[in-house]
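*Asks:* So the chains spell out like this:
2 protein chains.
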Amino acid sequence: MVKTVCVVGIGLIGGSIACGLRKHHWCESVIGIDAHQSVIHEAMQLNVIDAGYTSVDDCPVIPDVVVIAVPVLKVADVFQQLKPWIDKCLAITDVSSTKQSVIDDFNRVFPESQINCFVPGHPIAGREQSGVKAAVDNLFDARKVILTPTEQTNMDSVKLVTDMWEQLGANVEQLDSRDHDQILAATSHLPHALAFSLVHCLSTQSHTDEIFRYAAGGFADFTRIASSDPVIWRDICLANREELLGALSHFDTSLQQLKSSLEAGDGSALEAIFVEAKNARDKYTDSQ
Amino acid sequence: MVKTVCVVGIGLIGGSIACGLRKHHWCESVIGIDAHQSVIHEAMQLNVIDAGYTSVDDCPVIPDVVVIAVPVLKVADVFQQLKPWIDKCLAITDVSSTKQSVIDDFNRVFPESQINCFVPGHPIAGREQSGVKAAVDNLFDARKVILTPTEQTNMDSVKLVTDMWEQLGANVEQLDSRDHDQILAATSHLPHALAFSLVHCLSTQSHTDEIFRYAAGGFADFTRIASSDPVIWRDICLANREELLGALSHFDTSLQQLKSSLEAGDGSALEAIFVEAKNARDKYTDSQ
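Chains as they are written, first to last, in our numbering: chain G, 1 to 288; chain S, 1 to 288.
Don't read these hints as lab results, they were simulated from the structure. Do not rely on the hints blindly, as some may be mistaken.
Copies of the same chain look alike in the list, so a pair counts if it fits in one copy or across any two.
No farther apart than 25 Å at their CA atoms in a straight line, the calculated lysine-lysine pairs in the BS3-like style are these [what the hints assert, rightly or not]: (1) Lys23 x Lys3; (2) Lys23 x Lys83; (3) Lys259 x Lys83; (4) Lys159 x Lys133; (5) Lys88 x Lys144; (6) Lys259 x Lys23; (7) Lys259 x Lys88; (8) Lys159 x Lys83; (9) Lys83 x Lys133; (10) Lys259 x Lys74; (11) Lys74 x Lys144.
Construct all of the structure, not just a fragment, from the sequences and the given hints.
*Replies:* Encoded structure:
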């Protein structure tokens, strides 16, 4: 049995992993690390972790497993802090929404590393709320978790991380890191960019209050992801910049097609776009 | 008490009005008109209407109230068919998502009309599904209905239509038709155009199946409105073309700002956009 898991970054995802692991007794104890003492305090009060510290250096034991759950551009800093543990942990994994940037960070911090215990991972799960107060022990139930091991990744570490996620109810799959980044740019990072842009655009207009006053249910659904954490999403966009710019460019082509059809008053062309979109989405929801 | 209501177009909205009125006994009977005999048949079987015909000409009585619930570019045709009734009904109303185009249509069909019984209306309600089988008697419960009467509109007709919607549980408000069209372009027509464009863009890429396979909950919410009826939305876009093109142009400015910040790797600028969007949306949801 795994003795100690250390979760670095106790927000929605880190907190949900911590309390899920404790609920399912996957390990003997869960230690939380978070730069903010107030977060550690809140996590203890909410019974999310067994013990907590504001830095890796303060942690009195070397954990078997480390889960890095900080905004993606902070992952490199955490790798630096983990240097004393790198040869002693069974597995180190992360939850970042982009994978190639994290692998690059790892290789920069540990350039000599041959076969190693780092298993890049990404749970496709979330909630509108953020922070440890939003953490729930069933967040990953029936959700996909994508692992993107490289040629250097220790297979025993992959097995251990897979087992951890399966204990939390997740379905674990493996992908190439670049395929992951391209797919997620299209299905997650691009929609977030559009939702943020739409609400930003409406909030900077002269009659903003009236606009929001008459918004309907479809608007609430469409813009839900614009309530996501701005810092986390700033980092994701920057970490997956090339793929996201590519996805935005693809999108722009489709949007221009719609605009030209509208300008020309071409109902058949508009309808063709809408029919193709509806069919694709209906096919997607039917498969869920 | 109102004797007969005639609903022209028995889809999701027309069907929901019909069965809501019957449930609340607002009138003695509800007659449905739909060009498709199969829809009349289905509406009778589902107990949505008391009687049904495939054309206004076949209707054996002149109703007190007519509700036009066809795609917006078909409304002018219905006005033509209503010519024999125009001076005999207490109120004629519609449910179209654009209002100025419908008022223009009415004035074209009835150019001599002074004070008249036509009350332009728009219930801000809907469901992902369409068609009479999706009709429910509580669709308008606690939803806003916007009426946009003109200087020619008979006030008694406005009162009657207001009473009808209130019986269905809706909150009725009045707006100027052009304000309505501008506001709805921003909060409804633009988001629909973006959702259709996004799914269209993803469905035309080489690895579409993989993309949809890894789409998460946020994606389902964001794209829900892309499952809307293509014909209805083709008509709405065309009927509100100028306002929608204006909204698309506003949106483009915001999206370009995001793209430039991303290209420049400017994290502060990205974060500022995301923070402004999140604050606006959180304020909006708090007010709901």
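*Asks:* The structure should be examined with respect to each hint, and the outcome stated for every one.
*Replies:* Right, here's what the structure says about each hint:
no. : hint            : verdict
1   : Lys23 x Lys3    : within (15 Å within a copy, 62 Å between copies)
2   : Lys23 x Lys83   : neither (30 Å within a copy, 70 Å between copies)
3   : Lys259 x Lys83  : neither (53 Å within a copy, 36 Å between copies)
4   : Lys159 x Lys133 : neither (30 Å within a copy, 49 Å between copies)
5   : Lys88 x Lys144  : neither (29 Å within a copy, 61 Å between copies)
6   : Lys259 x Lys23  : neither (52 Å within a copy, 43 Å between copies)
7   : Lys259 x Lys88  : neither (58 Å within a copy, 43 Å between copies)
8   : Lys159 x Lys83  : within (22 Å within a copy, 75 Å between copies)
9   : Lys83 x Lys133  : neither (30 Å within a copy, 62 Å between copies)
10  : Lys259 x Lys74  : between (40 Å within a copy, 23 Å between copies)
11  : Lys74 x Lys144  : within (24 Å within a copy, 45 Å between copies)
Going through the hint list in order, the structure does not satisfy hints 2, 3, 4, 5, 6, 7 and 9.
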